[in-house]
Amino acid sequence: MTWFLDHVGQVLTLFLTHIRLAVIPLVIGMVLALPLGWVARRFPLAYPPIITVTGLLYTIPSLALFVLMPLILGTGILSDTNIIVALSLYTVALLTRTVADGLAAVPDQVVQAATAMGIGPLRRFFTVELPLAVPVISAGLRVAAVSNVSIVSVAALLGIAQLGSLFTDGFARQFLDPIVVGIIACLLLAVLLDLLIIALTWVATPWLHGRRAA
Amino acid sequence: MISFTDVTKVYPDGTTAVGGLTLEAPTGQITVFVGPSGCGKTTSLRMINRMIEPTSGVIAIDGRDTGSMNPTELRRGIGYVIQSGGLFPHRTIVENVMTVPLLLGWDKNKARATAMELLERVGLSTSLAKRYPNQLSGGQQQRVGVARALASDPPIMLMDEPFSAVDPIVRDQLQDEFLRLQNELGKTIVFVTHDIDEAVKLGDQVAVLRVGGTLAQLATPDRLLADPYDDFVADFLGRDRGYRGLAFASAPALAIEPETSVRLGATPQEALAAAAGRDWLLVVDDDGAPVGWVEPRKLREPVSRGFLHRGGTVARQGGSLRAALDAALSSPARRGVLVDDAGRLVGTVQARDVLTEIERGPQVSAPAEERIEDTP
Ligand SMILES: Nc1ncnc2c1ncn2[C@@H]1O[C@H](COP(=O)(O)OP(=O)(O)OP(=O)(O)O)[C@@H](O)[C@H]1O
Ligand SMILES: [Mg+2]
Numbered sequence: 766m767t768w769f770l771d772h773v774g775q776v777l778t779l780f781l782t783h784i785r786l787a788v789i790p791l792v793i794g795m796v797l798a799l800p801l802g803w804v805a806r807r808f809p810l811a812y813p814p815i816i817t818v819t820g821l822l823y824t825i826p827s828l829a830l831f832v833l834m835p836l837i838l839g840t841g842i843l844s845d846t847n848i849i850v851a852l853s854l855y856t857v858a859l860l861t862r863t864v865a866d867g868l869a870a871v872p873d874q875v876v877q878a879a880t881a882m883g884i885g886p887l888r889r890f891f892t893v894e895l896p897l898a899v900p901v902i903s904a905g906l907r908v909a910a911v912s913n914v915s916i917v918s919v920a921a922l923l924g925i926a927q928l929g930s931l932f933t934d935g936f937a938r939q940f941l942d943p944i945v946v947g948i949i950a951c952l953l954l955a956v957l958l959d960l961l962i963i964a965l966t967w968v969a970t971p972w973l974h975g976r977r978a979a
Numbered sequence: 015m016i017s018f019t020d021v022t023k024v025y026p027d028g029t030t031a032v033g034g035l036t037l038e039a040p041t042g043q044i045t046v047f048v049g050p051s052g053c054g055k056t057t058s059l060r061m062i063n064r065m066i067e068p069t070s071g072v073i074a075i076d077g078r079d080t081g082s083m084n085p086t087e088l089r090r091g092i093g094y095v096i097q098s099g100g101l102f103p104h105r106t107i108v109e110n111v112m113t114v115p116l117l118l119g120w121d122k123n124k125a126r127a128t129a130m131e132l133l134e135r136v137g138l139s140t141s142l143a144k145r146y147p148n149q150l151s152g153g154q155q156q157r158v159g160v161a162r163a164l165a166s167d168p169p170i171m172l173m174d175e176p177f178s179a180v181d182p183i184v185r186d187q188l189q190d191e192f193l194r195l196q197n198e199l200g201k202t203i204v205f206v207t208h209d210i211d212e213a214v215k216l217g218d219q220v221a222v223l224r225v226g227g228t229l230a231q232l233a234t235p236d237r238l239l240a241d242p243y244d245d246f247v248a249d250f251l252g253r254d255r256g257y258r259g260l261a262f263a264s265a266p267a268l269a270i271e272p273e274t275s276v277r278l279g280a281t282p283q284e285a286l287a288a289a290a291g292r293d294w295l296l297v298v299d300d301d302g303a304p305v306g307w308v309e310p311r312k313l314r315e316p317v318s319r320g321f322l323h324r325g326g327t328v329a330r331q332g333g334s335l336r337a338a339l340d341a342a343l344s345s346p347a348r349r350g351v352l353v354d355d356a357g358r359l360v361g362t363v364q365a366r367d368v369l370t371e372i373e374r375g376p377q378v379s380a381p382a383e384e385r386i387e388d389t390p
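Just so you know, the protein sequences line up as chains A and B, in that order.
To convert, count from 1 in the first sequence and add 765; that's the numbering used here.
To convert, count from 1 in the second sequence and add 14; that's the numbering used here.
Bound-form chain B, shown alone (with noise of 0.2 Å):
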């Protein structure tokens, strides 16, 4: 556990950029420092591993005030990532990875061994271990950047808007893949970042700071979008925070509705039939998994891939209210299909019993994974 306790910054120019910081990051989990910018976010990161003194007020870890620690051994325990990977372009990709390992005096073998099965942790193949950063992608970049800070496996991991320098497709996989990685590796996490999206997505805790260095308003997500604290923390969390909350509502009691489907190749006679007079009809292939809408009415030949209507998303069963939602509203059919773990059909529901069932009142406990799919 990371904690702060009335922590200020006074810069020498009189910029008070913290002004009296207390909260704890609890041990495994992922707090967000999120808020606009000039709140004092890298310079609270920073002030965690000593690359920046606090004017007052102690950080400690597990109760250990750090200020009485050697600034350097403090910071080869801890994990830090920047925008960009802050990657030394003089060195490899495996090179970079082996950085703190050989710090740490590691034998070069070993160091060289866990850099290689870090870089396939974080998604590279380990080809590119030879090249040097600027022959990689932005986003490969940044995979480099959390498998450096990564390698001697740190208990405490500083993550300084890692993300914000790649397009949205690929921050959106740097993130699905970040959730992952911190299932399993349980790491102690503080992450800064100025997106609320990206806060809400990926904290089990967000702290949300004024300009001045201050905290407005420490919560869980769907707490944050429930109850904002006050018209600062509402205004940062923009609109449509009913509707995000809901990815944080789970789903258990939703009315499905069996649904008839084809398989892929099945003839216009078979679709039509199997519609029983409705305008759209599922279509599943061979595993049973949805992949799309046809109308059998429209159909002259069998029913492939070609033909399917793709706008709707899917939800997993037991998922979230907003997933469900979202299925439901944007199929075509206006009937929401869910599958179970495996992406098998289980049913559709309607965008009415969705709703009914958040008019039951807020389930707030978040879902294991929240994932809305983009197929079909």
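For reference, chain A alone in the conformation it holds in the complex (with noise of 0.2 Å):
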């Protein structure tokens, strides 16, 4: 607790950097796991190989990737920006298949009731198709927030300071102080990033739980 007390300044300046490194390859991942969502739905032929190829993406081992990162985009080790990558192409891993399910899941009558209205097809993906995916896409975003937070750690590894560092840290000097602060901050994170979605979600939703519209 001393420590913790001594560090404070510390501990939450690798708390944002842990927020960022979370949260900018969600919101990258999410954008890109939108269009390849929609053609896996909208292409029979094109789903087996776009929800296999993305599944793969996230057997490989997130330390190998943050160190092929550099090799492959030219950075240096210590960049941000292979964390970034590495941690986005897994989101898209996680979010493609909830992307293309989600959509899947909305009633076809509605689709075709917009169809029929001449509703054309991009409009009719951000108008109908995408809000009434909201739950089950929400649902995806919320263990990749979480697969996110933790995955992030695994960076300190390379040196990239974060949350994770804490566990080097108390590790390298056989401290057990910082490590329980880090597990903590990395919970309260997953936990508030959790319920950042959760609120987003049904502020997305009204229909759902039975408000009426202003």
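None of these hints come from the bench; they were simulated from the model.
Incorrect hints may have been included.
To be verified - Restricting the straight-line Cα-Cα distance to at most 20 Å, the calculated cross-link-like pairs of lysine to any residue (SDA-like) are:
#: 1; chain 1: B; residue 1: K215; chain 2: B; residue 2: G153
#: 2; chain 1: B; residue 1: K144; chain 2: A; residue 2: W967
#: 3; chain 1: B; residue 1: K215; chain 2: B; residue 2: D254
#: 4; chain 1: B; residue 1: K144; chain 2: A; residue 2: P971
#: 5; chain 1: B; residue 1: K201; chain 2: B; residue 2: D167
#: 6; chain 1: B; residue 1: K144; chain 2: A; residue 2: H974
#: 7; chain 1: B; residue 1: K144; chain 2: A; residue 2: L973
#: 8; chain 1: B; residue 1: K144; chain 2: A; residue 2: P896
#: 9; chain 1: B; residue 1: K124; chain 2: B; residue 2: P168
#: 10; chain 1: B; residue 1: K122; chain 2: A; residue 2: R888
#: 11; chain 1: B; residue 1: K144; chain 2: A; residue 2: W972
#: 12; chain 1: B; residue 1: K144; chain 2: A; residue 2: V968
#: 13; chain 1: B; residue 1: K215; chain 2: B; residue 2: N197
#: 14; chain 1: B; residue 1: K144; chain 2: A; residue 2: A969
#: 15; chain 1: B; residue 1: K144; chain 2: A; residue 2: T970
Got two chains here, each in a separate frame; can you build the complex from them with the hints?
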């Protein structure tokens, strides 16, 4: 406890870096997964390869991916970009299938009705299919968020500072306090992100909780 | 007018859904496509607004080949109603109805005002406007579906089994309201159903389709019931065709007998005197509308609604032979009650007089509005 009070500033900095490294890839991965999921849903032939390839991405160990990134991207080994790109890939891996399945869960009647009214494919995607897929996509997003928070810590092994550094530090010095603080901070961050996604989903789906529109 | 000329649809898997359809859906009328499941009704309907492209043949609207039109614009000019409404679950009722007007670039306030007006027109309280579809009953959702299709006042409406997901009583109501609405609006409507009774009730003309998507018969409902083209059509029409066909035979020349009646509140003595020895006596309300029958000999206190026998149906004078016959057969006195357009008692007819009229031959001209009332 005293250790924590003495290092509040440092922990806070690590916390903020951790958020940045976890959330930016979440957003990037989400944006990339939308068109991929749409293609997978739209063209039945594309579904198996897209889902298989994105699924395989997730099985690459994170440490390996982090180490590979500088070789592929030509970035420095300590660059944040490595982490952001690698985690974006993981997010895409998790969310492509979710997006495709979420779109598939939109009732056919509703899509047909939209088409029959002269709503073109692009407009239909953004105004009808995507909003109705929000609950499913949000569930996937929550998994991806938690997964990102935990994978980011691994990057501490490469010397990229974030909450994971508290684990490597504590381990190197055989000192428990930073490890405990690191775990609590990671948990806190995961819970906060989760709550944020739940709240956003709630706001985006008024029809699911019987609220009347304003 | 919508015209099909030798239209076929073969799906990529080789299924021939529509096998050479040629017919016309006249302007301002209801054309019903009816037939067993899989006979290509939905496919035919969706080729009109090009949600499905024909494999060959031409579909034209007022002489213009739809194949040459922009599909999106074509669709915005055609109302479309499907089973369960196909409403947008994430939009409120009024937003659902405003969809097409907004797509067409209407001013938001005008779109909203029009939507509100339409909701009332299809029999919905505007207090429902801000609800979401899942907060409405099936029948209400179906009404919203109709309102949404009417929102931009398109001249053409396509309806795919719009009333099949609701219970029979609500369905009957929706059908009656739909006919009333169509009387005012005069849209060109193509209506798909697998229910032959619905087809006969709603259609100005009925196209019976066979599996494989070919036309078995195209006729007005009365012609269809009177003269099915072949065994398939006859089987599909089902039993009681003769009786059902009477709904389209008007009964102008029936021998109507005056019927003595008493008002609600009449004493047993008054009732006995009025009945003049007959077993059953007709009771009317203060407006002269028949409300039911009583047996004066069993009466111990003044006539009230609680005593009434309500089994008999009421037919409109000048209505159909079917309604008149039904009134006579369902009346405990075997005297069928006829009323005028305002619902006031005109007199009664006997079943044998109706049958005599039937035997004099078919006057096959559809009465203006055919309804069998269910009281008394
Ligand atoms: N996309 C499709 N691909 C292949 N075959 C299809 C497709 N859509 C419909 N069919 C087939 O075409 C035939 C006609 O289908 P359609 O939906 O038009 O029938 P329907 O008369 O509307 O039937 P129902 O009363 O069951 O709605 C059926 O045999 C159906 O299986
Ligand atoms: Mg169908």
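Hint-by-hint comparison with the structure:
1. In summary, the hint linking B/K215 to B/G153 is supported, as the alpha carbons are separated by about 19 Å, within the 20 Å threshold.
2. Under the criterion of a C-alpha separation no larger than 20 Å, the hint pairing B/K144 with A/W967 is consistent with the structure, at around 18 Å.
3. Taken as a hint, the B/K215 and B/D254 pair is honoured in the structure, with Cα atoms around 15 Å apart against an allowance of 20 Å.
4. Between the alpha carbons of B/K144 and A/P971 the distance comes to roughly 12 Å, so the proposed pair stays at or under 20 Å and holds.
5. As the CA atoms of B/K201 and B/D167 are separated by approximately 9 Å, the hinted pair is consistent with the 20 Å bound.
6. About 14 Å separates the Cα atoms of B/K144 and A/H974, which keeps this hinted pair within 20 Å; it holds.
7. Taking the CA atoms of B/K144 and A/L973, the gap is about 14 Å. The hint holds against a cut of 20 Å.
8. With a C-alpha separation of about 18 Å, the suggested pairing of B/K144 with A/P896 holds against the 20 Å cut-off.
9. Among the hinted pairs, B/K124 with B/P168 is consistent with the structure: their alpha-carbon atoms are about 16 Å apart, no more than 20 Å.
10. A C-alpha spacing of about 18 Å is found between B/K122 and A/R888, which places the hinted pair at or below 20 Å, so the restraint holds.
11. Of the pairs offered as hints, the one joining B/K144 and A/W972 holds, with about 11 Å between alpha carbons and a cut-off of 20 Å not exceeded.
12. Of the supplied pair hints, the one linking B/K144 and A/V968 holds, its CA atoms being roughly 17 Å apart against a limit of 20 Å.
13. With a CA separation close to 14 Å, the supplied pair B/K215 and B/N197 stays within the 20 Å bound.
14. Distance check on the hinted pair: B/K144 and A/A969 sit about 17 Å apart at the alpha-carbon level, within 20 Å; holds.
15. Using a Cα cut-off of 20 Å, the hinted pair B/K144 and A/T970 holds, with the two alpha carbons roughly 15 Å apart.
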